[in-house]
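Participant: Sequence:
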Amino acid sequence: MAFVFRRSQRLVVKIVRCRFVKLRRFLERSLALCMLFLACASHLTSAQQQNHQAFASATRASSLATFDDVWQTINDRYYDPSLHETDWQGLRATFRPSAASARDSKELYALMRRMLLSLRDPHTRLYAPGEEFDTERPRFVTTGLSLREVDGLVVVWRVERNSPAARAKVRAGDVVTSIDGEPVTDFLNRRLAEGQSASRSETARFQAVARLLDGANDSLVTVDFVRPDNRAYTVQLRRLKGARDLHLQLRSAHKGSISIIRLDAFTSLTAAEFGRVLESLSAAQGIVLDLRDNGGGESEAMLDVLSAFVPANSTIGRFIDRNGRIITELQTRSAMLSSAARIVQLAQPLIILTSPKTASAAEIFVAALRERVRARVLGENTCGCVLGTRGAHKLPDGGALVFSEMNYHTTAGARLEGAGLAPDELIKISRRDLQTNRDPLLERATDLLRQK
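In this note's numbering, the protein residues as written are 1 to 452.
Keep in mind the hints are simulated off the structure, nothing from the lab.
It is possible that part of the hints are untrue.
[To be verified] With a cut-off of at most 20 Å between alpha-carbon atoms, the simulated EDC-like pairs for lysine to aspartate or glutamate come out as follows:
1. K241 - E160
2. K428 - D293
3. K428 - D68
4. K394 - E160
5. K106 - E279
6. K255 - D245
7. K394 - D69
8. K241 - E131
9. K255 - D69
10. K428 - E443
11. K428 - E202
12. K452 - E425
13. K255 - E443
14. K169 - D229
15. K428 - E149
16. K169 - E131
17. K394 - D68
18. K106 - D151
Assemble the whole structure, with the sequences as input and the hints as a guide.
Facilitator: So, in structure tokens, the structure goes:
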């Protein structure tokens, strides 16, 4: 038995040693595999970090290239060498570090736009890559409401048909009391303080009010209103992309004796439409040109329309660059560029309606008619936003910069930028007029023409 016991003991020892050797080999292999895995993981992490750093470096370089291009182009080519007494070098030092750390194109363009706001120039603007602006049919993100300050209150000026605001039963003349829970006066003052406006102070306030409901596409805004009967109501409106209808609108008054033309922009389309109705206008005893919503447009289209009122080859003004050189002179013509229609000279009494929204090419148009044919102007002071651009300057990232390279002077040498045109007769629309759909400017214009 003893023999048997000792043999079994040796057998157990051998078995234990065998198992220990196998376990040690297994652990050695496992350790080797773990070390290999960690080495590979470390290599992958290092490669990912390098790729991330390379991407971040490329993004930073691209952002700075775009920022520097914008800054340098304005510095070298802006129509006013003093850049409206702006500390342009200081703005570069302020905004460039933020441009370098911009997370994406949206953030980069937002800060560059803030920098450009210091110029107080509505003609100078940026378009990010992929953004497009069609002058024939401009698209905007809107709730369908136009706002203006009337009698010291922010009031609904117009409600676009089939818009979110129209479906919510918002009406012209309703007063805005708050936006997203903030009193509208505080909201407006904050926007003005942020500098989200351009040009002179009156125009700045007008533009700030008009943009109170601006925001991103498909976003929501909560607005509190008060009806004329003092009944308060709240509406949540969705901002959506929409296109403005810029077609010429023609109607008559007083049994066809007075033609009323509404032109909301000067484009090749509206100029061609004007050419098609031109001959029919010659039968009218008087003409009203409603330019209250005309923010300008193409100078060539404006000259097509102007040539029906001012004899051909008449110089109406000139654009001058930062060095005082005449870049181009604006002249009327004998044939339209935008239409095959024959230009018929109209000599009837003419009245023009203006507002703070009347801007740019529309102001040149009004100034020329006032100087050349002594047209009478009713309404409010125009924008005072008359500078010239030469098209879009392409940026390194595919975006575009449109900026003012030329200042406009009338034939009498007057500058319109910052001053605008004062009407011959100041007439403002009241809140009551909006509520009752009354147009005192149009009433006054037709009354004056009937007296001719």
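Participant: Give a verdict on every hint.
Facilitator: A quick look at each hint next to the structure:
Between K241 and E160 the CA atoms are separated by roughly 13 Å; this keeps the pair inside 20 Å, and the hint holds. Restraint check for K428 and D293: satisfied, since their Cα atoms lie roughly 14 Å apart, inside the 20 Å limit. Proposed proximity of K428 and D68 is contradicted: the alpha carbons are some 45 Å apart, above 20 Å. Taken as a hint, the K394 and E160 pair is broken in the structure, with Cα atoms around 34 Å apart against an allowance of 20 Å.
Taken as a hint, the K106 and E279 pair is broken in the structure, with Cα atoms around 49 Å apart against an allowance of 20 Å. In summary, the hint linking K255 to D245 is not supported, as the alpha carbons are separated by about 27 Å, beyond the 20 Å threshold. Of the supplied pair hints, the one linking K394 and D69 holds, its CA atoms being roughly 9 Å apart against a limit of 20 Å. Between K241 and E131 the CA atoms are separated by roughly 13 Å; this keeps the pair inside 20 Å, and the hint holds.
Between K255 and D69 the alpha-carbon distance is near 58 Å, which puts this suggested pair outside the 20 Å criterion. For the hint linking K428 to E443, the alpha-carbon distance of about 12 Å falls within 20 Å, and the restraint holds. With a CA separation close to 15 Å, the supplied pair K428 and E202 stays within the 20 Å bound. For the proposed pair K452 and E425, the alpha carbon gap of about 17 Å is at most 20 Å, so the pair holds.
Straight-line distance between C-alpha atoms of K255 and E443 comes to about 15 Å, which keeps the hinted pair within the 20 Å bound. Proximity of K169 to D229 is assessed by CA-CA distance (about 15 Å); at most 20 Å being required, the pair is judged to hold. Proximity of K428 to E149 is assessed by CA-CA distance (about 11 Å); at most 20 Å being required, the pair is judged to hold. Distance hint between K169 and E131 is unfulfilled; the C-alpha atoms sit about 32 Å from each other, more than 20 Å.
Simply put, K394 and D68 have alpha-carbon atoms about 13 Å apart, close enough for the 20 Å limit, and the pair holds. Distance restraint check for K106 and D151: the Cα-Cα separation of roughly 38 Å exceeds the 20 Å cut-off, and the hinted pair is therefore not satisfied.
Consistency note: the structure conflicts with the earlier hints numbered 3, 4, 5, 6, 9, 16, 18.
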